[in-house]
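Undergrad: Each chain, written out:
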Amino acid sequence: MQFDSLQAFFNMGGYGFFVWCSYGITFGSIGILIYLSATQEKRNLKHIADKLKRDERLKAIRRNKNESKA
Amino acid sequence: MWKWLHPYASPEKAYQLSTTLFPWFAVLGFSLTLIGTIWGLMFAPTDYQQGDSYRIIFIHVPAASMSMSVYVGMAIASFIGMVWQLKLADWSAAAMAPVGAVMTFIALITGSFWGKPMWGAWWVWDARLTSELILLFLYLGVIALYASFEDKVVAARAAGILAIVGVINIPIIKYSVDWWNSLHQGSTIKITEKSAITNDMLYPLLMNIFGFGLLIGAIVIMRFKAEIIARSGMRPWVKTMALEGENK
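So the sequences go chain by chain: B and V. The first sequence begins at 1 in full-length UniProt numbering and counts up by one. The second sequence begins at 1 in full-length UniProt numbering and counts up by one.
All clues stand as given, with none of them false.
Straight-line Cα separation of at most 27 Å, DSS-like style, residue types lysine-lysine; simulated pairs:
#1 B:53 to B:42
#2 V:13 to V:152
#3 B:46 to V:87
#4 V:152 to B:46
#5 V:239 to B:46
#6 B:65 to B:53
#7 V:239 to B:51
#8 B:53 to V:152
Chain V stretches covered by chain B per the calculated footprint, using a threshold of three residues with CB under 8 Å from any CB of chain B:
#9 57 to 68
#10 220 to 230
Hints listed in this document are in silico derivations from the structure and should not be mistaken for laboratory results. Where a beta carbon is used, it is the ideal one built from N, C-alpha and C, also for glycine.
If we strip away everything but chain B, and leave its shape as in the complex, we get (with noise of 0.2 Å):
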């Protein structure tokens, strides 16, 4: 362990500010891209399922009509 004290952990010598701010930059970055890149593939799924049940949709409608036609 280099530092005394938990106080010189945060203080870094004097360049706290710029050490915490990039790891703090560095790891929220990344922290933003896996939470996307992890719901991406459900948010397609959805989009997939969605595009599915609308399409059953209007063909049940479709078929609706025809029948009252007849």
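Since chain B is already given, all that's left is putting chain V on it; use the hints.
TA: The following block gives chain V in isolation, referenced to the frame of chain B:
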């Protein structure tokens, strides 16, 4: 080799392979990055010249080297997609672009936060910094082109051409510190000779480089799977998956 590779050219097989590979990349990448970061922040010795500000190196260098590696990977994938008309290669390039862009962004921002205390400026129009900024614009261009076309075959071709042409920027970034008088310091890690860094600092740095690499691999795999799904909406196996997901 083609005989062996051929089954993986089917989107469904590629999806399954990605699912198998994902946990390895995620767990290894996460642990390596965690250990490397804690080691770098707490246990690596203080630099005699730059004090503790140099600790930014443990994220700056991995992000910067990944920004270039991912670009090369993306350009190779685009090339394969273009020459052999392999859709999966195009999709993997599309999965890599945003990840590379984030890495470039991180490299630039952390560099800025390192430059301010050491050089006295957040930004200088220096060869290394400027070429890295161009890399960010190349990534954004590739992402924007891929998003601009409804027909993803055309989109991949347009984005792919930009990605391939943009490769010229990679050696410029890499050798900018040797070719021009740069404020940016030269390479620290050398493959052929002794690195200009003590092992106490080198090991956590290498851990973070590999950690970032694997973590990025995991993120690209997730995006690749999502891309396969998005492009294969008409396939029965994807339809089944979509409807099963709805009913859960």
